[in-house]
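Whole structure, please, built from the sequences with the hints as guidance.
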Amino acid sequence: MSDAKPVQADDSEGMSYLDTVKTRVVTVYIPLLLILFVLLFPFYWMVITAIKPKEHLLDLDTHNPLYTLAPTFEHIKALLFESEYPRWLWNTMFISVTATILALIASVFAAYAIVRIRFRGAQITGGLIFLAYLVPPSILFIPLSTVIFNYGLFDTPFALILTYPTILIPFSTWLLMGYFKTIPYELEECALIDGASRWQILTKIILPLAVPGLISAGIFCLTLCWNEFIYALTFINSQEKKTVPVAIVTAFTDGDQYKWGSLMAGALVGSLPLVVLYSFFVEYYVSAMTGAVKE
Amino acid sequence: MSDAAITPSGHDRAGPSFWEGLKTNRNFLGFWFMLPAAAFLVLFLVYPLGLGVWLSFTDSKIGNPGDFIGLENYEWIIGDAKFQLAVFNTLFYTFVASVVKFAVGLYLAILLNNHLPFKAMIRAVVLIPFIVPTVLSAIAFWWIFDPQFSVISWALRKWGWISGNIDFLGDPWNARISVIFANVWRGVPFIAITLLAGLQTVSPSLYEAATLDGASKWQMFRYVTYPILTPIIAVVMTFSVLFTFTDFQLIKVLTNGGPAGTTELMATMSYNTAILGGRIGEGAAISTAMIPFLLGAIMISWFGLQKRKWQQGSDND
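Sequence order for the protein chains is A and B. If you're matching positions, the first sequence starts at 1 in this note's numbering and goes up one per residue. If you're matching positions, the second sequence starts at 296 in this note's numbering and goes up one per residue.
Simulated from the structure, these hints should not be mistaken for lab results.
In silico PhoX-like cross-links for lysine-lysine, where the CA-CA straight-line distance does not exceed 25 Å:
#1 Lys259/A - Lys241/A
#2 Lys22/A - Lys512/B
#3 Lys22/A - Lys414/B
Stretch-level coverage of chain A by chain B, calculated; a stretch enters the list once three of its residues show a Cβ under 8 Å from a Cβ in chain B:
#4 59-73
#5 100-109
#6 139-145
#7 160-167
#8 223-237
#9 259-267
#10 271-280
Every residue, glycine too, gets a C-beta built ideally from N, C-alpha and C.
Structure follows, in structure tokens:
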């Protein structure tokens, strides 16, 4: 431990001061850059295709495909003003937000009941909800489609608004259970002694303290809804009622040779709202992801 | 404490009536609090799950509820070469994608656990493939894997590594590798970020102690990092296997099961059979047939990893 100076330079990293700069470049920076390149390249490609002029798209030899000197917004303009895209975007947003709100309300009640009311069988209920987390939509969509049809929900937004919470509730209940557990019992006991009802405790004490958990669960649910494909593909038939992921796959994939411009523009515009939301709430996303796994 | 005795004091009524007792009864309250979540899950998850199993024993078609036909659907699909191929594809896809995802994810997590400039930003960027809807990134891969205008073929041609374009999605094994690559690309960020959260809980003093004892980097990973991470690896890999096994979106967009069914997974096959083909009963049998595989996969990744945890005695710390 003679080499004391670097220790102060990075006190958070136990042993890394033993490495030379050269080792670190080879063992850390180069692999990291390679992985980051692979992870990000599809997005770069998406963006560059979306702003390339049509005639450059399929001509890799005269124009270097990796960049464009004549950026154009023709694809994005066509998407926003000449197709039903805004409508699909609105559908996606409306369905995602409504389903998320429904799921959050149900999850708050459920998580509070399991963690704090501790009714008989609360433990088992928690376990069952976790099991529900493990039931994938791919094995449910066939029977669900007959259920949706029998309830008269087929080809309405409610087909998705009512089924998405089943994907969201197990996840957000587990996440919120973790948050509620960290709130001290004493707060609730005081409130009970002061004559507060369970409802008052939940709305005036627990929820304000669990706001970070609610945000984490909320934005994560929103992402899951936005991402959902199989239910939206199966339960919605009319073109104007579709969500972005489904609509884009069914609408732009005709024989057109130059479809790639509009496809990439559609994929780009469809991802942007989530990426913007994500950039504001990175920490909440990470805690949602790691929180639900660690429980 | 039992709050059955504590009734709201500011109330008109003198003694605790039946209603008062009920209002503070745990089981009664718990029932009402659980009701919304339970209603959703029973109506749209438990009931369909049971219905799916039932439908798999009927000859139901779209618009026709069908009659009970026993195991006929299963007998038919087990003898069907397309179904056997789909089972093989699904197992292959799940196994290879999960192993690669785990290896790359763990490696990336270890890299990110280093002291890096712009650490928070890098971590945020790594997660982007996970945030962007799968279908939309799958469309980007579809373009990247284009048989004529693929940028990968272009780059390899420029460097003189290949003479003709690679047919990424038209050749059976190329198609399998391509969809697995896209799946790994999508799954690595989730695994890396969750494992990174686990890595950050490992105390640096353990590594210092190991270094003083003369441990190599590999030994430090093998005997310090890995045992501590095992529980979180078990959970993450269980989820990863589960979602890879039931993958639908990526295949639907990239190959739609082609060429000649070589990338058909059980999920896409059940969709094609039940929704496009209208043979609900048969499709339900295919998706119900996924359940034992899923349970098996969960058992292996769960108990397999838990067992290692005991063997290495990680509960000592």
